[in-house]
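Each chain, letter by letter, is given below.
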Amino acid sequence: MPYIPHTPNEVEEMLRVIGAESIDDLFDEIPQELRIDLEKSTGLNAIPLGKSEMAVQRQLSEKAMLDGTPLCFAGGGAYEHHIPAALWEVATRGEFYSAYTPYQAEASQGTLQVIYEFQSMIANLTAMDVSNASLYDGASGLAEAVLMAVRANRKAKSKRILMPESVSPVYRQVVETIVKNQGITLELIAIDQTTGTINQEHAQQQLHNDETFAALVIPQPNYFGSLEEVHQLTDWAHKQGGLVIAQVNPTALALLEAPGNWGENGADIAVGEAQPLGIPLSSGGPYIGFIACKQKLVRQLPGRIVGRTVDLDDKPGFTLTLQAREQHIRRSKATSNICTNQGLMATAVTLYLSFLGTDGLQKVAASCVANTQKLITLLEKSPEIKFPFGKTVFHEFVVQLDVSVDSVLERLAEEDIVGGINLSAQQVAGQSVDANKNQLLICVTETKTEEELRFFSETLIAICSEISSLSNSEGELS
Amino acid sequence: MSKRIIEQNAETLIFELSDQNRRSSSLAPDIDVNDACNNLPEHLQRKKKLQLPQVGELQVVRHYTRLSQKNFSIDTHFYPLGSCTMKYNPRVCNTLAQLPGFTARHPMAHSSMSQGVMSCLFDLQTLLMEATGMKQVSLTPMAGAQGEFAGIAMIRAYHDHNKELQPDKEPERSEIIVPDAAHGTNPATAVMCGYKVKEIPTNDQGDIDIDALEKIIGPQTAGIMLTNPSTLGVFERKIKLIADMIHKAGGLLYYDGANLNAILGKVKPGDMGFDVIHMNLHKTFSTPHGGGGPGSGPIGVSERLQPFVPVPIVGHNEQGYYWITEKELPLSIGRLSAWMGNVGILLRAYIYALLLGRNGMVRVADFATLNANYLLKRLMAANFEMAFPERRASHEFILTLRKEAKEYGTTAMDFAKRLLDYGYHAPTTYFPLLVPECFLIEPTETESRDDLDAFVETLIKIRDEAEQSPNLLKDAPFELPVRRLDDVKAARELDLNFYYSKC
Chain U
72 MPYIPHTPNE VEEMLRVIGA ESIDDLFDEI PQELRIDLEK STGLNAIPLG KSEMAVQRQL
132 SEKAMLDGTP LCFAGGGAYE HHIPAALWEV ATRGEFYSAY TPYQAEASQG TLQVIYEFQS
192 MIANLTAMDV SNASLYDGAS GLAEAVLMAV RANRKAKSKR ILMPESVSPV YRQVVETIVK
252 NQGITLELIA IDQTTGTINQ EHAQQQLHND ETFAALVIPQ PNYFGSLEEV HQLTDWAHKQ
312 GGLVIAQVNP TALALLEAPG NWGENGADIA VGEAQPLGIP LSSGGPYIGF IACKQKLVRQ
372 LPGRIVGRTV DLDDKPGFTL TLQAREQHIR RSKATSNICT NQGLMATAVT LYLSFLGTDG
432 LQKVAASCVA NTQKLITLLE KSPEIKFPFG KTVFHEFVVQ LDVSVDSVLE RLAEEDIVGG
492 INLSAQQVAG QSVDANKNQL LICVTETKTE EELRFFSETL IAICSEISSL SNSEGELS
Chain Z
216 MSKRIIEQNA ETLIFELSDQ NRRSSSLAPD IDVNDACNNL PEHLQRKKKL QLPQVGELQV
276 VRHYTRLSQK NFSIDTHFYP LGSCTMKYNP RVCNTLAQLP GFTARHPMAH SSMSQGVMSC
336 LFDLQTLLME ATGMKQVSLT PMAGAQGEFA GIAMIRAYHD HNKELQPDKE PERSEIIVPD
396 AAHGTNPATA VMCGYKVKEI PTNDQGDIDI DALEKIIGPQ TAGIMLTNPS TLGVFERKIK
456 LIADMIHKAG GLLYYDGANL NAILGKVKPG DMGFDVIHMN LHKTFSTPHG GGGPGSGPIG
516 VSERLQPFVP VPIVGHNEQG YYWITEKELP LSIGRLSAWM GNVGILLRAY IYALLLGRNG
576 MVRVADFATL NANYLLKRLM AANFEMAFPE RRASHEFILT LRKEAKEYGT TAMDFAKRLL
636 DYGYHAPTTY FPLLVPECFL IEPTETESRD DLDAFVETLI KIRDEAEQSP NLLKDAPFEL
696 PVRRLDDVKA ARELDLNFYY SKC
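If you read the sequences in order, they're chains U and Z. In short: position in the first sequence from 1, add 71, done, that's this note's numbering. In short: position in the second sequence from 1, add 215, done, that's this note's numbering.
Quick caveat, the hints were computed from the structure, so don't treat them as lab data. Certain hints may be false.
[What the hints assert, rightly or not] Some chain Z residues flagged as far from chain U (calculated, every beta-carbon gap over 12 angstroms):
id : residue
1  : D245
2  : D290
3  : T291
4  : L380
5  : I425
6  : L428
7  : I431
8  : E451
9  : G530
10 : S547
11 : E600
12 : R617
13 : E622
14 : T626
15 : D666
16 : I675
[To be verified] Some chain Z residues close to chain U (C-beta under 7 angstroms, calculated; not the full set):
id : residue
17 : L314
18 : M323
19 : Q330
All figures in this text were calculated on a predicted structure; none of them were measured in a lab. In this text, a Cβ means the ideal position worked out from N, Cα and C, and glycines have one as well.
Chain U with its partners taken away, still in its complex shape:
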């Protein structure tokens, strides 16, 4: 029997010790009318019979082959990077893979120290004082940051959050789902249509009647790959009595100014998606959100936090701390209902940053910038491809096409290329719909070679003109 070691003799002896005739007798407290009748169609017929490992391996390999390993130029919050071969070898060691939340600290020093190192690395990347042990993903992490800012900004007594249009539309949707039942409102700040970045004047106009707000979210780089004027925006928000939530890409932080050093006093909370640090694309999960903040906000952090302390012999060791914030102690008064962190993913991120180091991460980031500029140069050759938000970007940029982005992506898929993200298909309420017509968000990381960049640009340009001439001739016919 799969994964059950009992022999028939053992089962018999065990039942004798229990004083039961059969295993079925052990379920005699469950009302008979509720029991599943396996003979009936209401039983478990939709579940096939068990298969051997070999059969399942064949079935899954076929499914995986179906999706293949295409050339990927999509980003939008999920980024393809090289993952060191040793990383998952170490991370999936049984002692990491099959351990649980480190409640018994003495028997979990491995996991606890890894988390302490993770927290230190995230704090250093973001130039913040403290980090937690991680959150589910970047999008839900942003929701937790919003809840945290509302709790923390007691002075403002406001439940308004200024949420720029340059934050990922899916992130905005997730935040909305999670915070809407707590009376928090998200006010959309429009972008400047020439730069794709936050329109500060529009933000100013939102402050009707000098009403204050709990926090401003600043993405860097933003959803369109563009760079926000983080210093100016941070100082502006602080002057208005709002906190600043920095939503950042951790790879970019090797080169871009860290949230803790934005403006005069730095952002208050830094949050983001750490998937780029060693975690495969995997259809969007499991990923890992990170959240870090200034020391004065530490008691408002959600989720697990590990601290360094000493044992009875004064020997240093690690333990979960500040648990008085959490659901298993505070129940209905907890800062969040979160139980776990994203432990295995935090282990992977810690390994990634250790393998790469300062030097390696800077090179990965620099290579992303350089490759992105190379592709921009190649695409500039086509007069049909425009760059509505300019070319000052980290590793993503928006192009405007003359033809439908959907058809382009479909044709690229036929060439085994994931060509990017169709921005017009991603409209959410309140967004300036027309402005994003035929806009495609393209991402380039260090994984792309010169040949691949050339191949992609040529294919994209060819497909655009092919579709364009096709629709022109259709136009002539009609």
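Given chain U's structure and the hints, the job is docking chain Z onto it.
The following block gives chain Z in isolation, referenced to the frame of chain U:
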């Protein structure tokens, strides 16, 4: 002291092995960083250099391998942590979920390049619907607690929608009922969804106090959150009556799937009358606990909550598999993760479900229950006290060490720490809060009888130690990398960041 000697001590951090002048990596592209930076505006560039560790590849591998060896885990130790279902995580689930076709897929890849993974997710939805008796499953919640949030948010969306349709008839529903023995996430979740929490007591048999429930139910009741078998390790026998009472008042029933392992293939939550459930795939479907995550908490709903499920879910028609989104489900509570939840974990659960099949699923509950009841009887025979000796254990049971605490001055925590010395991960301690000095013990179906017997012998031995030399328990553990840690110091003198403590 050389760094090699430091490494043998418990406390060496990766940062202490670092030298910023070390360049040994073949893992990063060869590029001139300053050149590339010319493309970024000067005033937006990082001024203070990062301080990530610069360590050789072997030294990194060795550091983390050694750290891993300081953990207890299912692969290395019996781990009877009640309510957490620490059963074997089959290696093949991990191997197959890491096939390049699965790991390389971008979440926004065209659906024509995604039929493989989408078919797996569609099949998993179907399997889980059948196993739980629910009408629709959404796989997106990323952990049990997020599944709970989704569940209560749906209950709220349902009532809000009804109120909108019938503003005069439908009352203001503001309360969620939660048993006093519930997991802490239950009340925390209800509050996140804007509800007040009403607690109800449990009777001395471990069942819900029906009289108390009767008094608390009213037009203000939005719903109730229940675990069955309950957190007390026994099956709630009056579940049908409770369901009828709540439904009659217009409320809905939420099923916390934490203990689904006990009833897999035996009873369907849908048949018990639940309107919404969450499943902890990292428990029942054996996906890795990973040192505390990633979890995965799909939800299942009855017909009346179908319009409100979180998106996306996977649909299927003659053209193939496709995403069902807000467009098709305008009343959906929305999105909980940027894309499709923890797909890599969902795949592991799917693979596990295929390996088990329906015959294997029935055996999960069979043998989890056999192991729990065997362990319970053996411990009772050895004169340990059970919280509910008259009841059948489900997949777990509660032992109380109050007698030992009184006679020898040794607490449940002292027993727990001494168990670690003998190579056993401690059961869940001090939960549920109702039972004094308790252990919640869940052996799971994958443990052998020999291992259960050895665990019983060890507990007997520890009780002898408690009688003869209680300090062996009070000062335990002795054999682990560290002894008991100073939690008060940890909270008072916060040291959460190596760099900050160096500032």
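For each hint, the structure was consulted:
1. D245: violated (7 angstroms)
2. D290: The claim is violated: D290 of chain Z sits with its nearest Cβ about 3 angstroms from chain U, within 12 angstroms.
3. T291: violated (6 angstroms)
4. L380: Check passes; 19 angstroms lies beyond 12 angstroms.
5. I425: holds (15 angstroms)
6. L428: holds (18 angstroms)
7. I431: Holds: least Cβ distance 16 angstroms, greater than 12 angstroms.
8. E451: violated (9 angstroms)
9. G530: Consistent with the label, G530 of chain Z stays out of reach of chain U, its closest Cβ about 16 angstroms off (over 12 angstroms).
10. S547: violated (9 angstroms)
11. E600: holds (18 angstroms)
12. R617: Answer for R617 of chain Z: holds, closest chain U Cβ roughly 21 angstroms.
13. E622: holds (25 angstroms)
14. T626: Non-interface label on T626 of chain Z holds, nearest chain U Cβ at 14 angstroms vs cutoff 12 angstroms.
15. D666: violated (9 angstroms)
16. I675: holds (15 angstroms)
17. L314: Holds. Min distance 4 angstroms.
18. M323: Check passed: Cβ of M323 of chain Z comes within 5 angstroms of chain U, closer than 7 angstroms.
19. Q330: holds (5 angstroms)
In summary, the structure is inconsistent with hints 1, 2, 3, 8, 10 and 15 from the numbered list given earlier, while agreeing with the others.
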